[in-house]
Amino acid sequence: MLKRFLADRSGSTAIEYALIAGLISVGILVGVGQTGTAVRGLFTRVGDDMNAIGQ
Numbered sequence: 014m015l016k017r018f019l020a021d022r023s024g025s026t027a028i029e030y031a032l033i034a035g036l037i038s039v040g041i042l043v044g045v046g047q048t049g050t051a052v053r054g055l056f057t058r059v060g061d062d063m064n065a066i067g068q
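If you use my numbering, the sequence shown corresponds to residues 14 to 68, in order.
Mixed in with the good hints, there may be bad ones.
To be verified - Computed Cβ-Cβ distance ranges for the label pairs, DEER-style: (1) Lys16 to Gly40: 36 to 42 Å; (2) Val39 to Ile66: 38 to 44 Å; (3) Gly35 to Leu15: 44 to 50 Å; (4) Leu15 to Arg53: 29 to 35 Å; (5) Ile28 to Val52: 33 to 39 Å; (6) Leu15 to Thr50: 49 to 55 Å; (7) Ile41 to Gln68: 38 to 44 Å; (8) Tyr30 to Ala51: 40 to 46 Å; (9) Gly60 to Arg22: 36 to 42 Å; (10) Thr50 to Met14: 50 to 56 Å.
Bear in mind the hints are in silico, worked out from the structure with no lab data behind them. Since the structure is predicted, the reported quantities are computational estimates derived from the model, not experimental observations. No residue lacks a Cβ here, since even glycine has one placed at the ideal position from N, Cα and C.
Take the sequences, apply the hints, and build the full model.
Structure representation (structure tokens):
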């Protein structure tokens, strides 16, 4: 029974696709996080410049 279980490859494709999807998700989350940080910095600079002009 153990030999049959170890020889069965029917679920390996699904597991591979799940791992690929997980890695893509992590990449997207990292990219979105870095983009959010950059946008926050941009708006902070713009706000600081507008305050400096108004004074």
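Now the hints, each set against the structure:
1. Between Lys16 and Gly40, the C-beta spacing of about 38 Å keeps the proposed range 36 to 42 Å intact.
2. Val39 and Ile66 have their C-beta atoms about 41 Å apart, which keeps the hinted 38 to 44 Å range intact.
3. For the hinted restraint 44 to 50 Å between Gly35 and Leu15, the CB-CB distance of approximately 28 Å leaves it violated.
4. Separated by about 55 Å at the C-beta atoms, Leu15 and Arg53 break the suggested range of 29 to 35 Å.
5. Checked against the hint of 33 to 39 Å, the C-beta distance between Ile28 and Val52 comes to roughly 36 Å, which is consistent with it.
6. Taken as a hint, the range 49 to 55 Å holds for the pair Leu15 and Thr50, whose Cβ atoms sit roughly 50 Å apart.
7. The beta-carbon spacing between Ile41 and Gln68, approximately 41 Å, falls within the hinted interval of 38 to 44 Å.
8. For Tyr30 and Ala51, the hinted distance range of 40 to 46 Å is not satisfied, since their beta carbons lie about 32 Å from each other.
9. For Gly60 and Arg22, the hinted distance range of 36 to 42 Å is not satisfied, since their beta carbons lie about 57 Å from each other.
10. Taken as a hint, the range 50 to 56 Å holds for the pair Thr50 and Met14, whose Cβ atoms sit roughly 53 Å apart.
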